[in-house]
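**Q** Single-letter residue listing:
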Amino acid sequence: MRIPTQLLFGAFLSIFFLVLALVSLIWTPYPVEVLNISEKLKSPEWKYILGTDHFGRDILSMIMIGARTSISVALVAVGIGMLVGVPLGLAAAANRRSIFDDLIMRSNDLVFAFPSLVIAILITAVFGPSAFNAILAIGIFNIPVFARVSRGAALSLWTLEFIMAARVAGKGKTRISVEHILPNIINLLLVQGTIQFSLGILAEAGLSYIGLGAQPPTPSWGRMLADAQTLIYTNPRLAFIPGLAIVAMVLGLNMLGDGLRDYLDPRLRKVRQ
Amino acid sequence: MLHYLLSRIISLLLSLAVASLVIFFVIEIIPGDPASFMLGLNASPETIASLKAELGLDQTPLIRYFDWVSGLVVGDFGISYTYKVPISELVVDRIQVSLPLALYALLLSTAIAFPVGLIAASKRGGTADFGIMGFTQLGIAVPNFWFAMLLVLFFAINLRWFSAGGFSGWDAGFWYGIKSLTLPAIALALTQASILARVMRSALIDTLSQDYIRTARAKGLSQRRVLIKHALRNAMIPVLTILGLQFSFLLAGAIIIENVFFLPGLGRLIFQAIIQRDLIVVESVVMLMVFAVIVVNFLVDLTYAMVDPRLRRSG
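Top to bottom, those sequences are chains V and P.
Start counting the first sequence at 1; every next residue gets the next number (this note's numbering).
Start counting the second sequence at 1; every next residue gets the next number (this note's numbering).
Read the hints as simulated data drawn from the structure, not as lab findings.
Every residue, glycine too, gets a C-beta built ideally from N, C-alpha and C.
Any given hint could turn out to be false.
Stated by the list, open to error - Okay, the calculated beta carbon distance ranges per label pair: (1) V/R96 to P/S222: 39 to 47 Å; (2) V/D262 to P/S222: 30 to 38 Å; (3) P/P61 to V/N184: 23 to 31 Å; (4) P/K179 to V/D262: 38 to 46 Å; (5) P/I275 to V/E179: 46 to 54 Å; (6) P/G134 to V/N36: 37 to 45 Å; (7) P/K229 to V/T230: 52 to 60 Å.
Stated by the list, open to error - Here are the simulated DMTMM-like pairs of lysine to aspartate or glutamate, each with C-alpha atoms no more than 25 Å apart in a straight line: (8) P/K84 to P/D33; (9) P/K219 to P/D308; (10) P/K84 to P/D67; (11) P/K123 to V/E161; (12) V/K173 to V/E161; (13) P/K123 to V/D262.
Okay, chain V solo, but in the shape it has when bound (with noise of 0.2 Å):
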């Protein structure tokens, strides 16, 4: 069968930066530590491909630092989410109506109440900023998606023959959630984890433009736009980089997204063969 053209592009946007990230574990052009003043604000030319900033940092460098930072912070985030929201989710569709049912999905709408941005301020203002209580803010957040996510796609399976088979069986819900609900949705999850993932990316952009997110030496793409704020009458180039690396960065990863869920639903697999 075809590979959907979204689904590759959207692939290779995110292996792109995925790489971009694991190189900067082990080298990258320039150190990003040191400033180095006499070479601040160069045009983009053959020794700095994407050139410098105005503290004379490889603008390139600080771009794959950031990825790194991004991915891990929105990776971590996205594992918070789904390690607590789906046994949530799950839990809650095997002891569907019961109090503990009504109980998660009440805490739920009330998580939703609180916009991670809100979450992420409540946070800071008690711990201080940096870039854990970024991926706290921002996988508390995550949570009550996952496990409204896998609770309606697990009551649907509940209600199917092979499940029932299993309880005839004499398995225990515990049990079937695992071994046969869970493979069920693990499609499924890999979608919404992608979706998941560059909002993600979004937040945490946000969090370090407004400073409650990485905090400096270590470079972030946010970060890198709220230093640029100041220099955007005369260096707008600083500005437009670390943008086009979130736009391009959130785009490969919706796309891989889309791309995933009509790729493994068989229902749009039918309709399009």
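Position chain P relative to chain V; hints supplied.
**A** Coordinates of chain P only, in the frame set by chain V:
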């Protein structure tokens, strides 16, 4: 209908109660001693003690919580530690920027998303649909604060049509106020309009595949009449849900956008309060924002019942 209304009101009150407990717990219990937290490391024990007395922190947490909540109910938000004025005054001042901004952005995004979603759905698979889907995909990926910077660069610095930031208040005239909120509102509306247009499109496409639409077409109604009279209303449920959710994103997004444009709104107030460690302001303003989100979602729930009579019975 009465049963539906009653159950919604109970869940509204419960949500507000739990939300206030969570906020109170995070701000006043987790730091251990909010007074010494607010004053920093160099504060003398006497200053801390006097601040404690001033803020009523020498009371038990239970009494403090009920004092805070009963104050909130009558509009008494406490006194800002840094500004030394009642927080309610600050809020009244700042909300004159934030609320018009959020409404302006909501209006813009709806005004763009509705026709765009309609066109995409009615020309499904065509060039217009393809273009709209591509454009909205991009709109979702652009961070609003970066878009805001680009707007400033283009419309304020290069073309000089708008000011790059700041807000001189509504006293300078209604249109002048609207003008200074225009770029921020556009920046906020871009993402929301893109999401809304996509939801609108898919909701319409879902509805258009229903049997009663085929009946309407078989009766010989024009495409436009089918879309507007029969499909639109039934596609409203998911659209309304998203509109309700968007309100909370607009409020939160305003925290960032107000910083880009130096607008003296609630977002900037809360942001400065964090930097100055003015926990009393953070606590009350966050509660106000969460209150707004919960109430808006409550109103959306009520509109469901108005749009879709089936929901009234099921409660």
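**Q** Hint by hint, say whether it matches the structure.
**A** Evaluation of the provided hints:
1. V/R96 to P/S222: 39 to 47 Å: Roughly 45 Å apart at Cβ, these two residues keep to the hinted range, so it holds.
2. V/D262 to P/S222: 30 to 38 Å: For V/D262 and P/S222 the Cβ distance comes to about 32 Å; the hint holds.
3. P/P61 to V/N184: 23 to 31 Å: Roughly 46 Å apart at Cβ, these two residues miss the hinted range, so it is violated.
4. P/K179 to V/D262: 38 to 46 Å: Hint holds: Cβ distance 44 Å, inside 38 to 46 Å.
5. P/I275 to V/E179: 46 to 54 Å: holds (51 Å)
6. P/G134 to V/N36: 37 to 45 Å: Check passed, 41 Å falls within 37 to 45 Å.
7. P/K229 to V/T230: 52 to 60 Å: holds (54 Å)
8. P/K84 to P/D33: holds (20 Å)
9. P/K219 to P/D308: holds (24 Å)
10. P/K84 to P/D67: holds (19 Å)
11. P/K123 to V/E161: violated (40 Å)
12. V/K173 to V/E161: holds (15 Å)
13. P/K123 to V/D262: holds (21 Å)
The structure fails hints 3, 11 (numbered hints given earlier, in ascending order).
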